[in-house]
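If you read the sequences in order, they're chains A and B.
Residue numbering for the first sequence follows our numbering, starting at 1 and increasing by one per position.
Residue numbering for the second sequence follows our numbering, starting at 1 and increasing by one per position.
Errors might be hidden in some of the hints.
[As the list claims (entries may be wrong)] In silico PhoX-like pairs for lysine-lysine, Cα to Cα no more than 25 Å straight-line:
#  : chain 1 : residue 1 : chain 2 : residue 2
1  : A       : K352      : B       : K58
2  : B       : K181      : A       : K462
3  : B       : K281      : A       : K518
4  : A       : K4        : B       : K211
5  : A       : K462      : B       : K211
6  : A       : K518      : B       : K285
7  : A       : K274      : A       : K65
8  : B       : K185      : A       : K352
9  : B       : K185      : A       : K462
10 : A       : K402      : B       : K285
11 : B       : K211      : A       : K518
12 : B       : K33       : A       : K4
13 : B       : K33       : A       : K8
14 : B       : K71       : B       : K99
15 : B       : K211      : B       : K100
16 : A       : K352      : B       : K100
17 : B       : K185      : B       : K58
18 : A       : K119      : A       : K45
19 : A       : K51       : A       : K274
20 : A       : K234      : A       : K65
21 : A       : K352      : B       : K211
22 : A       : K88       : A       : K137
23 : A       : K402      : A       : K119
Hints in this document: simulated from the structure, not taken from any laboratory.
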Amino acid sequence: MTSKTNLKTALILIATIAIISIGFKVPSILKNYDNFNPKEVYKLKYRFFFKSGANNTSLKTYVPKSNSRQRISEEQISNDGTLLFLKKNEQQGNTRAIWNTKSINSYHAIDYDFTFEGKDKSFIVPKIFKNTLKVNKEYLNPTLNIQSDNKAVKDLAIQLTKDTKNDKEVIQNIFDYVYAIPSAPIITLTDAVTTILQKRASCNGKSRLFVALCRSLDYPSRIKGGIIVEKGNKRTSHAWVELLINDIWVPFDGLNNHFAYLPANYLEIYQGDKSLITRTAGIQFDYIYEIEQLHHVSFLNMNSKELHTLPGFSLWNLVAKDIVPTGALHLLLLLPIGGLLVAFLRNIVGLKTFGVFLPVLIAFSLSHTGFISGIAIFVGLIILIGLISYPFDRLGLLYTPKLVISLTIMVSVILLSTHFGVKNNILWLTKLTFFPIIILTISAERFSRSTVEDGYVRALDKLFQTLIATSITYFILSWSFLPSILILFPEIVLLVIVLAAFLGRYIGIRWAELFRFKPLLLSER
Amino acid sequence: MFSIILNKKSNKSSNVVGLNERNVNLIYPNNPKKYYPLADDKVLTKEILHKNNIPCAKTFGVIEYNSDIKKTWQSCNSNNALAIKPANGCGGGGIKILKKDKNGDWFSSGKKISDREIFQHMASIIMGFFSLGSHDRVLIEECIEPHPFFHEIYPEGVPDFRIITLNNTPLMSMLRMPTNKSDGKANLHQNGVGIGVDMKEGRLLDVYDGKKYSNHHPDSTFLVNGAPIPYWKEILEISIATAKAFPLNYLGIDVVIDKVKGPQIMEINVRPGLGIQLVNKMGLKGAIQQAI
Chain A
1 MTSKTNLKTA LILIATIAII SIGFKVPSIL KNYDNFNPKE VYKLKYRFFF KSGANNTSLK
61 TYVPKSNSRQ RISEEQISND GTLLFLKKNE QQGNTRAIWN TKSINSYHAI DYDFTFEGKD
121 KSFIVPKIFK NTLKVNKEYL NPTLNIQSDN KAVKDLAIQL TKDTKNDKEV IQNIFDYVYA
181 IPSAPIITLT DAVTTILQKR ASCNGKSRLF VALCRSLDYP SRIKGGIIVE KGNKRTSHAW
241 VELLINDIWV PFDGLNNHFA YLPANYLEIY QGDKSLITRT AGIQFDYIYE IEQLHHVSFL
301 NMNSKELHTL PGFSLWNLVA KDIVPTGALH LLLLLPIGGL LVAFLRNIVG LKTFGVFLPV
361 LIAFSLSHTG FISGIAIFVG LIILIGLISY PFDRLGLLYT PKLVISLTIM VSVILLSTHF
421 GVKNNILWLT KLTFFPIIIL TISAERFSRS TVEDGYVRAL DKLFQTLIAT SITYFILSWS
481 FLPSILILFP EIVLLVIVLA AFLGRYIGIR WAELFRFKPL LLSER
Chain B
1 MFSIILNKKS NKSSNVVGLN ERNVNLIYPN NPKKYYPLAD DKVLTKEILH KNNIPCAKTF
61 GVIEYNSDIK KTWQSCNSNN ALAIKPANGC GGGGIKILKK DKNGDWFSSG KKISDREIFQ
121 HMASIIMGFF SLGSHDRVLI EECIEPHPFF HEIYPEGVPD FRIITLNNTP LMSMLRMPTN
181 KSDGKANLHQ NGVGIGVDMK EGRLLDVYDG KKYSNHHPDS TFLVNGAPIP YWKEILEISI
241 ATAKAFPLNY LGIDVVIDKV KGPQIMEINV RPGLGIQLVN KMGLKGAIQQ AI
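If we strip away everything but chain B, and leave its shape as in the complex, we get (with noise of 0.2 Å):
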């Protein structure tokens, strides 16, 4: 009976991780607590990043206190486009994107955007409304441009790649995009679709949206599965120079590939989710014995 209740059986002979088994295997062992804030933070990923050189978005500023909003505003103010995020928001929360219009006005999802809108978005980016309560920095980066490659299966948002990386060696990987129904966000749980990778040839794999597999996206008419994927090599590089970069050996490392600079490294993740298996048709552990 305890065998039914544990599900020992399916346990032993599936390559499916489940969440338990992520835990306890992938993520304690691998990843030290102390070093979550280094993935979590994301002023203290693009410190370790740049320090590494390893190409990521260029930071314009990073804002700790309100008394420097306006300093660091006015150094940053030459810009054409940029993002502004909280170090520690969570879910997408708190990010703007900002882009000059030829007067020289911000604007902002198609909105003017006035300076005083922007410092008050900075300070309350800097007292927490995006990060549960505790006291916040905020990120001010470079804009990137998604590569054109993207538009043809659906032009709108940024579309990324989600690589995980087990002991500095990537294991399964696959593209986020967003669609008509996830409002502008790329995450599977959020109505986006997932589109799975075959690591060996750098192509694209079948689209998933949570319930069933299709070869096009469901906004477009676009086959994607075999379509090879532009900078894979480099894409995996990066990845595994980020994974070296780090003291946190089990990651989610998350990758925009930029019209003008190429694959560029978003953020990491020391939870990464478990649905790529389902978008990769492919459980995790098969992964893991692949690459040994």
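Extracted from the complex, chain A is given alone in its bound form (with noise of 0.2 Å):
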């Protein structure tokens, strides 16, 4: 008895060393407490170089704001003496950065940085469309290289809203078009009839038809430039288009299939059919964008410095120093915690399971593959190798040797349709792999072994309540604070022993156990 009094005393006080050092962080963190949720963080540098010429020289581009979906700060500009710097409101809303010099032939440097914070956002399209405010014309008339008033555009336009029974679906239609125009890495400018008649286009290209095919049918829409952030140097920019639907300006880009959304790694630079650097002609001019990457907290409104100097212990330092990949560290953190929930599921509610943890590692790889169609596709596996196996469960083999051949089995079905799923773009067929196959394996014999001793129906009971614990555990573990609140919080992972520790100790009724023994429970009442 002493032993189990020692144990207790040992758990309480590792329970309280955990929410003291927690309460430590807590006031600090929501301190810092910030809604804005970006899902990326990129630090960006613009970097120019050229070389004066005879007279005035000027360098212009565009520089991105904030707005509801991403956020800029810690802008810095870092030029030479002899460059005169000005920033500029324009019309629609832009902003440019302008560089003079008088100076001639000679070099200069410009570096414009700043940090991106993005996430993506998804608009809803209502059937029908309908702007309240009155619309600006220039979103209407058609422009030198958007010429919504062609021909071939208005045919192009009326053909498209044949058999369409709303703005919405017209909306598609012209989408779907666009997106159907293969794309080439066009340099030399494409307007909207070119577009039409070459059939391919750059993200220009069918931007400009699309507002053209919108406009000649009185949709307000206008071109919105920018870049795709992503890791590494880049010299393209990008162009998408941007409807006013119901006073919302809402973005569709034509080119990368996203209708109605825009990535957390789109950075909005400005308005209309413009080109993101102008120079004065003819001088030698270089650019490259430079992007890096940066470890954030998506809910904490601090840079990796200060995360750095938060009271206590925190896992940050690993993040910072990229020593473990993040998928990793998230993995390792999430497991513990996805144990205690199937210890809970399986002890407290009384769910039965294929294997322990098998609800966690699904649960992880529905996180790559989506969860609808991951659990069709363990479903399918499962239940095909089952099924498979099953001639060879009759002939009466060993143990080991007949899971070798599930193994094999399932690894050729998974090497298979990921073959075919590429060869014939089945995306989902591609998927499979995300799965681990050990695990695969071993719930797949467990199923073909259970139907064998307690038939179809009881397996299959068994396989629902195991898809039930993994719709659980990944709905909870899918939660985007929880890595986070784990990197910050380590000390969790101490609670989840000592939790553990009481449930190990539990000895109340299963949930289920009051369906199976209702009878009894009722006549006792």
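Since each chain sits alone in its own frame, please combine them into the complex, following the hints.
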């Protein structure tokens, strides 16, 4: 009995230490709570190099501003003293940085850097559009390159409205048409009409045609310019389209297939059919965008350095120094939480699952494949392998070699369907490799054994309960704040031990047993 | 809220034992893990039973290596009926009942079986086919003929009594019988039925088929409720003797009644199931209180 009391004391002590340690950090974290919650954070650097010409030389570029889905901060400009810098707000809400110099034939370098925090945003497109505010004419009128009054454009637009019942279907048709145009990295300017004629276009050509088609049907629309932010260096900018739908500008990207959706790494820079950089003609000029992805905690308005100064112990060091890959670190930290969850589901709820930690591992795979298709793939694989292995069960093979056969069949099925999926462009088939094969094999084997021992009904019932446990685990573990919380408060792992220890001494009746023993429990009352 | 999640109320007031409580309060403190093999391995179980002169099926032979199959089989061959079992089999897998006809040929479940097939079966037992891959032993023992008492209730298969003992005291019992749907198996979760037992009087109670109670076996009209169990006193005696013989204090002891030799211990179980509570319409904690 004393050893039990000692253990209890030790557990309570551990819990107290963990809670105190967490308590120390909570105030500074609450103080820095940030409800912007960016999904991705990058450090961007525009770098320009040029040799000034014989007269006044100027260089202009649009610079981004913060809005509801992106935050720009820590702007910094460094240029040599002979350059005159000014920032100018222009029409349509654009902002331009402008550098001028009077010096002749001299070399100049400009760095413009800032931090970009972005989140993705999707919009609901209503069936009928109704703008209540007065729409600026410029979003409806043709321009030199957006020839919405051209016959070819008009004919195409009318053709695309055929058999449509509402505004949404019209836009969907236009989008599908533009998306279907083969993309090509065309550097020369492609206007809307040329895009129709040459049947291939870059983002610019596609966007111009998209806007031209919309405007010819009187949908207010405009071109949007920016950069698709990715780790590394790049020189290309990007253009997409915005439509004014019920007084809101809704984005469409006919090159990368984003319908009423803007990914987190789209940096919005300017509006209108412009070029990102303009400069005095005829000078030597080069540029590059240097991009670095930053680690961040989505709900904290603190940069990496500030996170290091948090009181107490955190795992930020591991994240910031890239010692462990982020994905692997998250998996490691989430594993105990998932385990505790399964222990709860098994010992308190009373779910029966194939394998103890199988639901956790499958839940991790689901985050790569998506929930619905992942569950479908999982069930399909288990039942398929269970059925294929059935004749081998009948043969009377020894356990381990039989498991090898199941494993081999599993690997073959996965490879074949991945191959088939890649060849025929069936996306979900290519996702099979995300599943931990050994785990799948063992559960398939358990399933087929269970069908022999307990019959199909009980085996399917157990599979169903495994799926319930997997889904619950998935939805809790996919809460986006959870990995960051565990990185900031690794003490939670200690609490997991304490909770699991108490769970291990739990002797209550499981929820499932309330049903099993219902007649007994009722008669006792 | 916590008390709702943890079912605090129903747990304190109820006599029903759930899996958690069975594991934590009955199995872990009473059954040291190192003695589990004594119950899980039928050969070890029988060694202890024989040593203590507790009635059980006579052991004809134990085969550990393939090379011994022929020799041991020859020494058993003179019997007219016998059972071949894997020592560590689970769920009744790998058990073969063999009977000789007038010509001296062996028959298994109605079909003639050659010596070669018998040897093959024994070899697969040794290779662990019925015990999840680990090496196993073959147990050849006397075949039990059920007492005629059972025929009146249901004529097929071998019914057995499950007796739960705690610290050498029988707490609860049930009679498990096969049905037409259960393929010869008497387990509750394999469509067998359980019949409650009045421990004091040694009489049968209601039949429970996993869903509902009735006073007769689903495949016969014989009224079970109140029927006196033959040899009930002996059954309790050999159960207590068995419980005393093993260093395990919470057991499910399976007893069959042979038509000639009377009650025999079949096997013992260190993790007895909880369905017996439903069969007897009583929680285990209630039975423990009554026993004390």
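Verification of the supplied hints:
Restraint check for K352 (chain A) and K58 (chain B): the C-alpha separation of about 39 Å exceeds 25 Å, so the hint is violated. Annotation: proposed proximity of K181 (chain B) to K462 (chain A) holds, straight-line Cα distance about 22 Å (limit 25 Å). Between K281 (chain B) and K518 (chain A) the alpha-carbon distance is near 11 Å, which keeps this suggested pair within the 25 Å criterion. The straight-line distance between the Cα atoms of K4 (chain A) and K211 (chain B) is roughly 40 Å, outside the 25 Å bound, and the hint therefore fails.
The suggested pairing of K462 (chain A) with K211 (chain B) holds, with an alpha-carbon distance near 19 Å, which does not exceed 25 Å. Proposed proximity of K518 (chain A) and K285 (chain B) is supported: the alpha carbons are some 16 Å apart, at most 25 Å. The suggested pairing of K274 (chain A) with K65 (chain A) holds, with an alpha-carbon distance near 17 Å, which does not exceed 25 Å. Taken as a hint, the K185 (chain B) and K352 (chain A) pair is honoured in the structure, with Cα atoms around 23 Å apart against an allowance of 25 Å.
Using a Cα cut-off of 25 Å, the hinted pair K185 (chain B) and K462 (chain A) holds, with the two alpha carbons roughly 22 Å apart. Our distance criterion of 25 Å between C-alpha atoms is broken by K402 (chain A) and K285 (chain B), whose separation comes to about 43 Å. The hinted pair formed by K211 (chain B) and K518 (chain A) meets the criterion: a straight-line CA distance of about 11 Å does not exceed 25 Å. Between K33 (chain B) and K4 (chain A), the direct Cα distance comes to roughly 19 Å. Compliance with the 25 Å bound is thereby established for this hinted pair.
As the CA atoms of K33 (chain B) and K8 (chain A) are separated by approximately 23 Å, the hinted pair is consistent with the 25 Å bound. Between K71 (chain B) and K99 (chain B), the direct Cα distance comes to roughly 20 Å. Compliance with the 25 Å bound is thereby established for this hinted pair. Between K211 (chain B) and K100 (chain B) the CA atoms are separated by roughly 40 Å; this puts the pair beyond 25 Å, and the hint is violated. Between K352 (chain A) and K100 (chain B) the CA atoms are separated by roughly 44 Å; this puts the pair beyond 25 Å, and the hint is violated.
Restraint check for K185 (chain B) and K58 (chain B): the C-alpha separation of about 22 Å stays at or below 25 Å, so the hint holds. Only pairs whose Cα atoms come within 25 Å are accepted, and K119 (chain A) paired with K45 (chain A) is accepted, the gap being roughly 20 Å. About 24 Å separates the Cα atoms of K51 (chain A) and K274 (chain A), which keeps this hinted pair within 25 Å; it holds. Simply put, K234 (chain A) and K65 (chain A) have alpha-carbon atoms about 20 Å apart, close enough for the 25 Å limit, and the pair holds.
Taking the CA atoms of K352 (chain A) and K211 (chain B), the gap is near 20 Å; set against the 25 Å cutoff, the hint holds. Under the criterion of a C-alpha separation no larger than 25 Å, the hint pairing K88 (chain A) with K137 (chain A) is consistent with the structure, at around 24 Å. A hinted pair counts as satisfied when its Cα atoms are at most 25 Å apart, and K402 (chain A) with K119 (chain A) does not qualify at roughly 49 Å.
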